[in-house]
Amino acid sequence: MKGLFWAFLLAAGLTLVVGNPAQAQERSATRQGFELAPNSGKKILVFRPSISVGAQSTGGLFEPNGDWTDKARTNLQAALEKAQASLGNAVIAAPEAYGDDAQTLQEHLQLFAAVSDAVIKYQFFVGNRLPTKKRDNKHAVFDWSLGKGVADLPGAKDADYGLFLFTRDAYGSTGRKVLQVLAAFGPGLAVKSGQHEGYAGLVDLRTGDLLWLNADAAMGGDVRDAEGSEKRIHQLLEDFPGSTPPKAQPQGPAQAKP
Amino acid sequence: MIRRSTWWAAAAGLLLAGPAAAQPAALPPPYQGAYQPHGVDEIGLWHEADEEERQLAASPLRIRDERLTGYVTSVLCATVGDDRCGSVRVYVIRAPMFNASMTPNGTMRVYSGLLLRLRNEAELATVLGHEFGHYERRHTLAAFKERRSGTDAVAWMALLTSLGASYQTMQNFQNFQLAVYGGFFRHGRDQEREADKLGIAYLNRSSLRPQSATVVWQHMMAEAEASASAKGLKKPNFRYIAFAASHPPYAERAAYLAELAAPDGADRDDGTERYRAALAPFLAQFLDDQIKLNDFGASEYLIQNLATAGWTATLWLKRGDLYRTRGAPRDLAAAADFYAHAVQLDPTLAEAHRGLGLSLMKTGRPSEAVAPLQTYLRLRPDAVDAGMIQTIIPGGPQ
Amino acid sequence: MTRHRTLRRMLAFAAIAALPLPANAHKLAEKGTPVTIADSTLSVTPTRDWNRLSGRIGAHAERWTLDGEQLNDVTFYAGVAPGEPLLRERSKKKDPLPKFRQDMLLAEVPELLERTYRTGRDARDFQLSGAAPGKFLGRDGVTFAYQVTDSEGLIRKGEARAAAVNGKLYLVTFDAPRLHYFDQVVDDARALMGSATL
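Chains as they are written, first to last, in the numbering used here: chain A, 1 to 258; chain B, 259 to 656; chain C, 657 to 854.
What the hints contain is simulated information worked out from the structure, not anything from laboratory work.
Lysine-lysine pairs mimicking DSBU-like chemistry, simulated, CA-CA at most 35 Å apart: (1) B/493 <-> C/749; (2) C/755 <-> A/121; (3) A/121 <-> C/748; (4) B/493 <-> C/748; (5) C/749 <-> B/489; (6) A/231 <-> B/403.
Simulated DEER-style distance windows between Cβ atoms: (7) C/744 <-> B/649: 26 to 36 Å; (8) A/135 <-> C/737: 30 to 40 Å; (9) B/624 <-> C/737: 22 to 32 Å; (10) C/692 <-> B/494: 41 to 51 Å; (11) B/490 <-> C/821: 23 to 33 Å.
Covered stretches of chain B, going by a simulated chain C footprint (3 or more residues, C-beta under 8 Å): (12) 313 to 323; (13) 485 to 493; (14) 548 to 556; (15) 616 to 629.
Predicted, not measured: the structure shown is a model, and the values here were computed from it.
Every residue, glycine too, gets a C-beta built ideally from N, C-alpha and C.
Next up, chain A with everything else stripped away, as it sits in the complex (with noise of 0.2 Å):
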């Protein structure tokens, strides 16, 4: 029955505040030797991005929106567009599969969630990483693959590169935001309001490649309009590769953002 009480409080978001510390995650990481040269005019296919957005209750209960989502939807894709285009390519929205075309494409997409998965437990938290990639990682190697068969995918001919999006948000509805407030007054109780999470992955449409990944559970930006989408995008695509003037690398896991 505790058990019981603790998937409840966990379920509305209320953690007791604890003094456990954080272990070190990373957010991102790129393919050794990946760059994409600005105004290099590659093309990047944009399969169906998952997107979902709403509130939060003020029991941290998920409301699902469908006007905000909607609304998302157009505004990332603009935002993705444009951040692209500045960086000189082109951003091309997968176009919708059908019968066998689209049991390949789901195939795809569950094999992505799986690598990401396995990118998330065994590469981002540190502490987790598996032997063998901790000594890849030294050398700056990060080798990640979704296989030749992306090259079939619908879409896939015309493109060099597949994109796979995702992002959940769910904004503090004013009840859980003036429950934060009083909250941080007391002892023992951490409320938080809003949640925003979002990954990105680019692949190499030729080889399936895993390009660069970033998975983020605190994301900024209102994907509500279109300003704060482009800073969702920005974010999102952040250390996408050639999205920044290049830096000097640095020892140890070079390529992985702490």
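With chain A fixed as given, assemble chains B and C onto it according to the hints.
Just chains B and C now, with coordinates in the frame of chain A:
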């Protein structure tokens, strides 16, 4: 496929009948026309369901068979009426549990384990009508709103508790939280009751036999009992409501569904023949998915239940597999017997010869095992395990 | 059905930011160095470096991987005694897993694995694609191949070897998504399986 001319006649008859003892379910509300979501919450829920449906449509677990899907859809339409069923998309899912569900946007999921367990069209109509009842009454939305106001209250209580945390306030908070969550589950069970009542109302009005509704839950109780007994667990209590139970107990459902069934519907067709014909091409696979779940009691119950319509080679074969894989010495002797029945009914059923040979081998009759194993290889020279079976034929591979 | 469920869980976990340090970090199995599996008498000599995942999924089981068990998973079941399941049971009474039996034929080992995957791992489809005699641990054993679909809808291919020695079952499986990962690692996995001795 299903005669609907009797529909309104049956409904009219029902109004006149009015039995003294039991009161059949009230008629379903008049159809409101194609529904579109209203308000932020509902539109949001539909949106999520639309995205899920995209994935469902391309899932490898979906059984892409037009005839089976078409059959289930036709039973739904015969139950709730053509006007209502037009808003529904049916998906048959490969999953060995007794389950069906419906999302607010009109996606109906029907699990293969459900189809395996039902015996006729009227029972299928019972479940489909129930799910449609949830949909028509927009239960997902109501449950969502209930959950939101409840969790809101819990959050406020948690805050107040944390401000003055003593043992007593903690205790009070836990009691409060328990009451709120108990309320969700109770609300959920009330929704199930409402959906049951709406389901039986559709059935009363249809051309199918409403007395079949209660039979669904009678069988569920018998299966649960058989499952528990084979595992050495005590007999389940079908009247007890667990704190977190999502549905009313089986016994309660069986009782009120029996009471609400229109008495004059008792002579109607239950569509057993049509149901069996539609399921026939899938029976072997659905049964195979079940017997491999290591739930001996439930599987044996289901096989026996299917066999009331007559033993077939497939039923004997699967029963043989069930006993052979449990594998106690008496099971192996029984399995050999069951496979022998299967072979007798269908001498070309290769797997039955295989099972017979393996069972005989394990019961210390290797010389008798040779012939059936050789027959298996003759019937299936390209069997995936041909090489392995060769090695256990005494004398080894030729 | 929802492919993001696991990831969401991971991200939610990250948000709480109190991931406890793993009790035992994953160990490295170095190329050419013999390793004893799950405190048994089974040992293997890898032909390339592998990771030994911490945490036991069964009393005699040990899991090896290159990129994470989602993507390539070699699991050793080293000496399963009659009456024992392959994986740890969630509930011995209510959800028992199939058990290895003394009189089980090698030809029936694929069925044991299938039933274990369906009950213990919620597999929805399991197709045996081959089963043939093959040497394992220097004994006559069985080599088999299969394809399995999990409840999320990801399709994996698998290959396994098994033999019974002194009444105990020794089984090793290699599972990986059929897209890319299976073919990429199957040769290394076969070499690893082939190096097993008692």
